[in-house]
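Start from the sequences, fold in the hints, and give me the full structure.
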Amino acid sequence: MKEISLTPESIKELATEIINISDKKTDNERGKELRNVKILLVNYRYLQNHLDVKLPEIDIDGELSRNQLSLYALLGYRERSREMMEFVNEVLGKYKKICMSGNDADKRKFGIIDGLYLSEKRKSKQWLCEYWNIDDSTLRRDQKKAFGELKVMLFGIDSLNDISR
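First residue of the sequence shown: 1, per the numbering used here; consecutive thereafter.
Hints listed in this document are in silico derivations from the structure and should not be mistaken for laboratory results. The reader is advised that the hints may include incorrect statements.
In silico DSS-like pairs for lysine-lysine, Cα to Cα no more than 25 Å straight-line [unchecked claim]:
id, residue 1, residue 2
1, 94, 38
2, 144, 123
3, 107, 145
4, 145, 97
5, 96, 121
6, 123, 97
Estimated spans, in silico, between C-beta atoms of each pair [said to hold, decoys possible]:
id, residue 1, residue 2, range
7, 156, 79, 18 to 28 Å
8, 137, 102, 45 to 55 Å
9, 17, 133, 46 to 56 Å
10, 103, 17, 45 to 55 Å
11, 133, 87, 26 to 36 Å
We treat Cβ as the ideally placed atom computed from N, Cα and C, and that holds for glycine.
Encoded structure:
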């Protein structure tokens with residue numbers, strides 16, 4: 001085996017390059033995590049219910065106690081969640097309209113997403129397979145395709161960058 005000799009400068013260059021590659025990979029992964037439609041859909045019902053939980057009102061005129069500051073922070077989370085869910089619901093409505101005006105496969109694709117994630121009464125994969133008269137692999141394929149389409153509708157051009165990587 002041939003022995004390789006590295007100078008301190010070449011070691012430093014190599015380490016810098018490895019760190020840069022690692023940082024780019026981490027940034028890409030973090031961006032993809034932020035744009036993960038499956039996580040959004042899995043938590044859809046919880047996010048909707050989060051908006052329905054009543055929080056106490058706060059008197060902002062006086063000095064705020066520690067508990068009031070915590071509640072004030074929760075109100076901020078609630079407002080951001082409300083704005084995001086309004087956007088998500090609008091996108092889902094448009095996605096439904098697109099799918100329902102398409103062919104049977106498009107209608108089925110939305111029906112699967114609706115049954116698994118959106119409707120109040122969650123449907124099992126087995127139930128959906130029987131209802132649509134498909135096998136599990138077709139259900140998973142439709143589900144994956146819907147995730148990709150919703151990703152584009154929710155996150156725009158950044159989602160296309162994720163797909164190309």
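Okay, the hints, checked on the actual structure:
Restraint check for residue 94 and residue 38: satisfied, since their Cα atoms lie roughly 18 Å apart, inside the 25 Å limit. Under the criterion of a C-alpha separation no larger than 25 Å, the hint pairing residue 144 with residue 123 is consistent with the structure, at around 17 Å. Restraint check for residue 107 and residue 145: satisfied, since their Cα atoms lie roughly 13 Å apart, inside the 25 Å limit. With a CA separation close to 16 Å, the supplied pair residue 145 and residue 97 stays within the 25 Å bound.
A threshold of 25 Å between alpha carbons decides the hint, and for residue 96 with residue 121 the separation of about 18 Å falls inside it, so the pair holds. Distance check on the hinted pair: residue 123 and residue 97 sit about 21 Å apart at the alpha-carbon level, within 25 Å; holds. Checking the proposed 18 to 28 Å range against residue 156 and residue 79 shows it holds: the Cβ atoms sit about 23 Å from each other. Distance hint for residue 137 and residue 102: a CB-CB separation of about 21 Å, inconsistent with the stated range 45 to 55 Å.
Checked against the hint of 46 to 56 Å, the pair residue 17 and residue 133 passes, with Cβ atoms roughly 54 Å apart. Taking the beta carbon of each, residue 103 and residue 17 are about 50 Å apart, inside 45 to 55 Å as hinted. A beta carbon spacing of about 34 Å between residue 133 and residue 87 agrees with the range 26 to 36 Å that was offered as a hint.
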